[in-house]
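If you read the sequences in order, they're chains X and V. Counting from 1, position 72 in the first sequence corresponds to residue 72 in UniProt numbering; the numbering is continuous, with no gaps. Counting from 1, position 33 in the second sequence corresponds to residue 33 in UniProt numbering; the numbering is continuous, with no gaps.
Among the hints, a few may not be true.
Copies of one chain are not kept apart here, so a pair can be met inside one copy or by any two copies together.
SDA-like, lysine to any residue: derived pairs with alpha carbons at most 25 Å apart [to be verified]:
id	residue 1	residue 2
1	Lys19	Ala138
2	Lys19	Lys163
3	Lys163	Val3
4	Lys83	Thr23
5	Lys163	Arg79
6	Lys163	Glu59
7	Lys163	Arg35
8	Lys163	Asp134
9	Lys163	Arg123
10	Lys19	Ile174
11	Lys19	Val3
12	Lys19	Ala77
13	Lys163	Leu135
14	Lys19	Ala162
Calculated directly from the structure, the hints in this document are not laboratory data. Fair warning: this is a prediction, and the values are worked out from it, not measured in the lab.
Protein chains: 2
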Amino acid sequence: MSVDRDQVLRSAAALLTRKATSTMDEVARAAGISRATLHRHFAGRDALVRALEELGLQECEAVLDRSELGAGSAQDALRRLVKEIEPHAGLLAFLYTENQLFEGDTQHEGWARIDARLAALFRRGQESGEFRIDLTPAWLTEALYGLIGSGAWAVQDGRVAAKDFSYMIAELLIGGARRRVDS
Amino acid sequence: MSVDRDQVLRSAAALLTRKATSTMDEVARAAGISRATLHRHFAGRDALVRALEELGLQECEAVLDRSELGAGSAQDALRRLVKEIEPHAGLLAFLYTENQLFEGDTQHEGWARIDARLAALFRRGQESGEFRIDLTPAWLTEALYGLIGSGAWAVQDGRVAAKDFSYMIAELLIGGARRRVDS
DNA sequence: CCCTTTTGAGACGGCTTCGTCTCATTAGGC
DNA sequence: GCCTAATGAGACGAAGCCGTCTCAAAAGGG
Numbered sequence: 001m002s003v004d005r006d007q008v009l010r011s012a013a014a015l016l017t018r019k020a021t022s023t024m025d026e027v028a029r030a031a032g033i034s035r036a037t038l039h040r041h042f043a044g045r046d047a048l049v050r051a052l053e054e055l056g057l058q059e060c061e062a063v064l065d066r067s068e069l070g071a072g073s074a075q076d077a078l079r080r081l082v083k084e085i086e087p088h089a090g091l092l093a094f095l096y097t098e099n100q101l102f103e104g105d106t107q108h109e110g111w112a113r114i115d116a117r118l119a120a121l122f123r124r125g126q127e128s129g130e131f132r133i134d135l136t137p138a139w140l141t142e143a144l145y146g147l148i149g150s151g152a153w154a155v156q157d158g159r160v161a162a163k164d165f166s167y168m169i170a171e172l173l174i175g176g177a178r179r180r181v182d183s
Numbered sequence: 001m002s003v004d005r006d007q008v009l010r011s012a013a014a015l016l017t018r019k020a021t022s023t024m025d026e027v028a029r030a031a032g033i034s035r036a037t038l039h040r041h042f043a044g045r046d047a048l049v050r051a052l053e054e055l056g057l058q059e060c061e062a063v064l065d066r067s068e069l070g071a072g073s074a075q076d077a078l079r080r081l082v083k084e085i086e087p088h089a090g091l092l093a094f095l096y097t098e099n100q101l102f103e104g105d106t107q108h109e110g111w112a113r114i115d116a117r118l119a120a121l122f123r124r125g126q127e128s129g130e131f132r133i134d135l136t137p138a139w140l141t142e143a144l145y146g147l148i149g150s151g152a153w154a155v156q157d158g159r160v161a162a163k164d165f166s167y168m169i170a171e172l173l174i175g176g177a178r179r180r181v182d183s
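Work out the full structure: start from the sequences and follow the hints.
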């Protein structure tokens, strides 16, 4: 009988990804439970969003761990990362735009850790000579977030095929649109 | 005495860019007018957003015209485009995320025109051999929107210098992160 | 088979925002 | 200097959503 908190979170993530302004009632219905039960597990909307943020952080940390960003070439590490992060792209896109709403508020420190790990990957690529040095690691990190969000929305609306998601993102981020003469 | 409608729109755009959930009262105060006057010019919040969408569309069309996307190399055309669109990046970012909220609703047909013109640019680059053909024009268009949004937010939060905005976007989109061995 | 725990349904008040309205004030043309 | 039109300030009800509460029903363990 007891509600699976994690499953509620995941269904909430899926719904809020599609419609970021969903009400608590819609979130509850999507999870197949009543609004009362939803409130018993999450004190309020803020608590729900913060729990989603926590979930997103955990997923990201896990993805970063699995991707072994320190191994092999930075390019391949980045490809592994994008591939691994694909299942969580929707949640990430939601959290990314949600963060823009918290104007003055201090953001969760966990994101600083994620940002640092991503920036370190780009910096490693620059130091090894794989990546160009005129694009800052901070910007590449930001661009990665943006492309993940764009990709998630484009797939959701059918503008891009789901199977191409990780390829399109990784290739654009790594190689850009220009046709390569070398390699 | 009479209120300058266009100026109200622009201040609303600037505010909503920073805080997409601003109330009508905040929008009015930001424009230096009363809520009553704001309502005299825009029937409601929906009307305001739609007017902003119209403004964004006009700006985009104007930018596309000024950029002369058909002239010269596709790369240079894209660089001109990004440079020209910079002043409107905030409004674009707002409208881009706002569109995600209108789940089922049919979006303004004007965006289809913009999309088509952008996709045509990327297709031209592919046909001329400048751009790779494994990234679809639709995805490149989507990625351009995403990077503009990310860039606008990154500049707003101070993670990227404002002066680097167009360079970072155009270079990443065109050349990617990989270091080029050839020219 | 009973008893405890969890859930669902719904009601309730409160809060925020919206859209409308009124009325006094002010700006600016004539 | 008057007259008209626009504006500001504020009140008002309506609507939507939230958070809490109650109570009956259902589940599931012992």
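Requested in this report: Could you work out which earlier hints the structure fails to respect and list their numbers in ascending sequence?
Outcome: Structure breaks hints 3, 4, 7, 10, 12.
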